[in-house]
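*Asks:* The residues making up each chain are set out below.
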Amino acid sequence: MPEEGMDQEDVAALQEKIKNMSPEELKEFQKKQCIFCHIVSGRVQAKKVFEDDKVMAILDINPANPGHILLLPKEHYSIMPQLPEDVLTHIFMVAKSLSNTALRALEATGTNIIVANGAAAGQKAQHFMVHIIPRKENDNLSFDIPQQKISDKELDIIREKLSKNIEAKAPEKKREEIPPVLKRLHEEHEKKIVDGEFKEIQPAPAMKHIQLGHDNAQKPLTGKAPEAFKKPLPPKKVSSDNKKKPKNKELPKKQSDSANLDDIARILGAK
Amino acid sequence: MSQESCIICQIVGGKIPSKKIYEDEDCVAILDVNGANPGHSFVIPKEHHPIMERVPDFLVGKLFSVANKVSSAIFESLAIHGTNIFVANGISAGQKVAHFMIHVIPRIEKDRVNLQWTPKQLSEEEMSTVELKLKDSSKDIGYFEKKEPKKAPQKTVQTEEVVEGEENYLLKQLHRRPGY
Chain A
0 MPEEGMDQED VAALQEKIKN MSPEELKEFQ KKQCIFCHIV SGRVQAKKVF
50 EDDKVMAILD INPANPGHIL LLPKEHYSIM PQLPEDVLTH IFMVAKSLSN
100 TALRALEATG TNIIVANGAA AGQKAQHFMV HIIPRKENDN LSFDIPQQKI
150 SDKELDIIRE KLSKNIEAKA PEKKREEIPP VLKRLHEEHE KKIVDGEFKE
200 IQPAPAMKHI QLGHDNAQKP LTGKAPEAFK KPLPPKKVSS DNKKKPKNKE
250 LPKKQSDSAN LDDIARILGA K
Chain B
0 MSQESCIICQ IVGGKIPSKK IYEDEDCVAI LDVNGANPGH SFVIPKEHHP
50 IMERVPDFLV GKLFSVANKV SSAIFESLAI HGTNIFVANG ISAGQKVAHF
100 MIHVIPRIEK DRVNLQWTPK QLSEEEMSTV ELKLKDSSKD IGYFEKKEPK
150 KAPQKTVQTE EVVEGEENYL LKQLHRRPGY
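As given, the protein sequences belong to chains A and B, one line each in that order. Here the first sequence stands for residues 0 to 270, where the numbers follow numbering that gives the first Met the number 0. Here the second sequence stands for residues 0 to 179, where the numbers follow numbering that gives the first Met the number 0.
Treat the hints as calculated values from the structure; they're not laboratory data. Be a bit skeptical, because a hint or two may be false.
Said to hold, decoys possible - Away from chain A, derived, C-beta distances all over 12 Å, residues of chain B:
#1 5
#2 8
#3 9
#4 15
#5 52
To be verified - List time: in silico BS3-like cross-link candidates among lysine-lysine, alpha-carbon distance up to 25 Å:
#6 A:73 / B:109
#7 A:163 / B:45
#8 A:53 / A:73
#9 A:53 / B:45
#10 B:132 / A:160
#11 B:18 / A:163
#12 B:109 / A:148
#13 A:135 / B:134
#14 B:18 / A:73
To be verified - With the Cβ distance kept under 7 Å, some of the chain A side facing chain B (calculated, not the full set):
#15 103
#16 136
#17 161
By construction, the Cβ of each residue, glycine as well, lies at the ideal position given by its N, Cα and C atoms.
The shape of chain A in the complex, shown without the other chains (with noise of 0.2 Å):
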């Protein structure tokens, strides 16, 4: 956040020491150098209004009306898709009973609430706020919100999007649906497993071929490696009895392999 009076060459310094910052130290960069969190700390005077544990509210120095509150979060936070659910929810709360206080105690006959997020939306500050703005006929304020046709096939396209990213924000149904279809699937996946018949030998070629890929010295284990793979495969298909004799062929093949692992394991000791 670069101050006034600071020349071209501090705010480049300063750029390049933000670049470099983790997210934690980000943060509390951010922190020390937010106006509000000094406000919310008490190191910077305000016109507080009302406070909890959680928020506190003070009149804008720039206000719109008299009377033109923000409400803040103690904590730091930039922007509102970054506050906790509770936090959120407790904050527009405060803000409806602020927005009764200010309908009563100043006598407005309306209010706005206004959040905005980014700066293209207007945020100034880098700390999360609502403003809170009293209103009486005839202010001389107004919020232009202008409006555009906008054609149905773009309507939809945008319905579409937004409406399927809202519901990937809300996991409580799918956190139900999905883990059993997984959990099929894995047991679909063991059960093929247990078909191949090679208990004993079948945990450690896995592993120890893929330290065979490693070592390119060893060419005949790996040769012999992917003929051990393929195999199992075709007796899962058909289970007839003529298949389990090709079975019964292939285990002392891994056996050899086995040994042949082993030397490997005592080569790869050695080393």
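Keeping the supplied structure of chain A fixed, place chain B upon it in accordance with the hints.
*Replies:* Same frame as chain A, but now just chain B:
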């Protein structure tokens, strides 16, 4: 609950077609057909409440939390640079429909949306007066209405007669064995 003359209640009830992007038991979010920018949405409580002060506290919290979800979705799905959450409470604040709603407005650099103001110059005295007035009536903030559970557990006083010995069928059941 809903008012027949209210256009928003008709939209919520489905009598007027709309582009819903979210719906749950308490609220809906719909796209504004004449939005300030494409993606401009409203979050609306299903119950008819003209202004925010009439909406129960827990519902206000929930509506803004949905508005936050819509805002995040807009951030992630559309090429925009920011969002505004905007509420107009009362005609003097620019409210046009007598059904409370939260605007979620996607913002693009140099769009025509204007939510800025020229600061009013208040004297120190004026500021202090306002401060005192607000402080004084904000004292009682802190208690928030909570959602009442729909089905209150009915208290039924059960009077059970305990019959001793063989007459008690519950005890008899315990002793029932095959061949008995």
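*Asks:* Under the criterion that the straight-line Cα-Cα distance not exceed 25 Å, is the pair residue 109 (chain B), residue 148 (chain A) satisfied?
*Replies:* 18 Å, holds
*Asks:* Minimum C-beta separation from residue 15 (chain B) to chain A exceeding 12 Å: can you confirm that?
*Replies:* 15 Å, holds
*Asks:* Would the pair residue 53 (chain A) and residue 73 (chain A) pass a check requiring their Cα atoms to be no farther apart than 25 Å?
*Replies:* 6 Å, holds
*Asks:* Check the hint pairing residue 73 (chain A) with residue 109 (chain B) against an upper bound of 25 Å on the C-alpha distance.
*Replies:* 32 Å, violated
*Asks:* Say whether it holds or is violated: residue 9 (chain B) keeps its Cβ farther than 12 Å from all Cβ of chain A.
*Replies:* Holds, since 19 Å exceeds 12 Å.
*Asks:* Answer holds if the nearest beta-carbon of chain B is closer than 7 Å to that of residue 103 (chain A); otherwise answer violated.
*Replies:* For residue 103 (chain A), the interface hint holds, since the closest Cβ of chain B sits about 6 Å away, which is under 7 Å.
*Asks:* Is the hinted pair residue 132 (chain B) and residue 160 (chain A) satisfied, with a Cα-Cα distance of at most 25 Å?
*Replies:* Violated, at roughly 46 Å.
*Asks:* Within a Cα-Cα threshold of 25 Å, do residue 18 (chain B) and residue 73 (chain A) meet the stated pairing?
*Replies:* With a Cα-Cα distance of about 37 Å, the restraint between residue 18 (chain B) and residue 73 (chain A) is violated, given a limit of 25 Å.
*Asks:* Decide, holds or violated, for the assertion that all CB atoms of chain A are farther than 12 Å from the CB of residue 5 (chain B).
*Replies:* Non-interface label on residue 5 (chain B) holds, nearest chain A Cβ at 19 Å vs cutoff 12 Å.
*Asks:* A closest beta-carbon separation below 7 Å is what the hint needs, so does residue 136 (chain A) meet it against chain B?
*Replies:* Where the cut-off is 7 Å and the nearest Cβ of chain B is about 5 Å from residue 136 (chain A), the hint holds.
*Asks:* Decide if the proposed pair is consistent with the structure: residue 135 (chain A) and residue 134 (chain B), CA atoms, cutoff 25 Å inclusive.
*Replies:* 20 Å, holds
*Asks:* Check the non-interface label on residue 8 (chain B): least C-beta distance to chain A beyond 12 Å or not.
*Replies:* 21 Å, holds
Hint compliance for this structure: hints 5, 6, 9, 10 and 14 are broken, all remaining hints hold.
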